[in-house]
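So the protein lines, in turn, are chains A and B. Numbering of the first sequence is given in this note's numbering, commencing with residue 4 and proceeding in unit increments. Numbering of the second sequence is given in this note's numbering, commencing with residue 4 and proceeding in unit increments.
Which copy is meant is left open, because identical chains are indistinguishable; a pair holds if it fits in one copy or across any two.
Cross-link-like lysine to aspartate or glutamate pairs, in silico, DMTMM-like; alpha carbons within 20 angstroms at most:
| hint | residue 1 | residue 2 |
| --- | --- | --- |
| 1 | Lys53 | Asp11 |
| 2 | Lys163 | Glu28 |
| 3 | Lys146 | Asp209 |
| 4 | Lys150 | Asp209 |
| 5 | Lys163 | Glu30 |
| 6 | Lys150 | Asp136 |
| 7 | Lys174 | Asp209 |
| 8 | Lys150 | Asp109 |
| 9 | Lys82 | Asp196 |
| 10 | Lys82 | Asp209 |
| 11 | Lys63 | Asp75 |
| 12 | Lys146 | Asp88 |
| 13 | Lys53 | Glu39 |
It is worth saying that the hints were derived from the structure and are not from the lab. As the structure is a prediction and not an experimental result, all values here were calculated from the model.
2 protein chains.
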Amino acid sequence: MNKQEIPDIIISRLPIYLRALRHIESEGKQTTSSQELGSRVGISAAQVRKDLSQFGEFGKQGTGYDISFLIDQLRGILKVERVWDVVVVGMGDMGHALARYQGFSDRGFRVAIVFDNDPAKIGSQVGHFIVRDTKDIVTTIRKSGIKVAMLCVPAAAAQKVTNMLIEAGIKAILNYAPISLSVPTGIRVQYLDPSIGLQRMTYYLD
Amino acid sequence: MNKQEIPDIIISRLPIYLRALRHIESEGKQTTSSQELGSRVGISAAQVRKDLSQFGEFGKQGTGYDISFLIDQLRGILKVERVWDVVVVGMGDMGHALARYQGFSDRGFRVAIVFDNDPAKIGSQVGHFIVRDTKDIVTTIRKSGIKVAMLCVPAAAAQKVTNMLIEAGIKAILNYAPISLSVPTGIRVQYLDPSIGLQRMTYYLD
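Based on the sequences and whatever the hints tell you, model everything.
Rendered as structure tokens:
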């Protein structure tokens, strides 16, 4: 399996399949089909089969996919059979919500450190965390070896904080700031901007 | 322009272009190129030109794109030159953050009504809003004519609330619940699940 050969658009669908498989499993089922999986996620059965076949032969003609096995395979491919420590920068409403978010457990992530630059927030408690000073980002993250960050600072500060995160060794940034970030090759950025999600849908509304 | 003919993957990139154009404009520039726009969003210049050409001739050979004109065109295509009222269901941390989120202004959206089913929250104030009772969703939304919802309820309640939203006339749902929703044809769902965003990146990490 050569990473260069698999388009990012396929990689982007694997977490969606994984979530849907867990949901089907939670309903007590042990096997599923590309039809069922596809209909859960709004993707054709043919595309589901094509996507999964990039990584191996996971299904059997006639019996379909063993859910538990396919979940394990996808977790391995996405490297979330381990737990990644994550930092959250910016303890506004969104950062607050993420620091206390219950949806990371068993999905491969754990918030480990939270930062803010507001003296009123530094040292205070958010969820299980004591808020650290943003100015210490580089030394603190380097010491921890953490590679993944969630960025919830205001747009005006986002690029500057991003530069610090990269200097600190962060390789993957989930960006909640409503701004496009400039990053060097090799650094991954995903955007979770609610306006973008909404604008993708209004195109189709009357 | 026939909506059936333009792939959703292209539609999904238009909000990203729009955000980047606003960012470039905020730096004081009046024109841009497919190279500059592409490099801001991590998409090739050729793809940018191909995507935009689906909707008309927006650029000029040699001078590139007039930013203000292209922003207006994209806002028109995405139908965000108007303001869409949006409901938020679920006043946990995430719903709270969305009700108070400052990033919707001038992006085409305005939170109009917020709901929760917790008696301790119903009637209380969140941001500018008085929290309404989730059991009144259908009548309240129908009366308002609102078509867009953000769903921030726990996973266990998400499908049931989705069914109510659809009965109420909602056509587009931004889903923050960590679960795949089943919806009829014609209803749009976008997922903003931080674990999904993170899992898309860990594939590439060592």
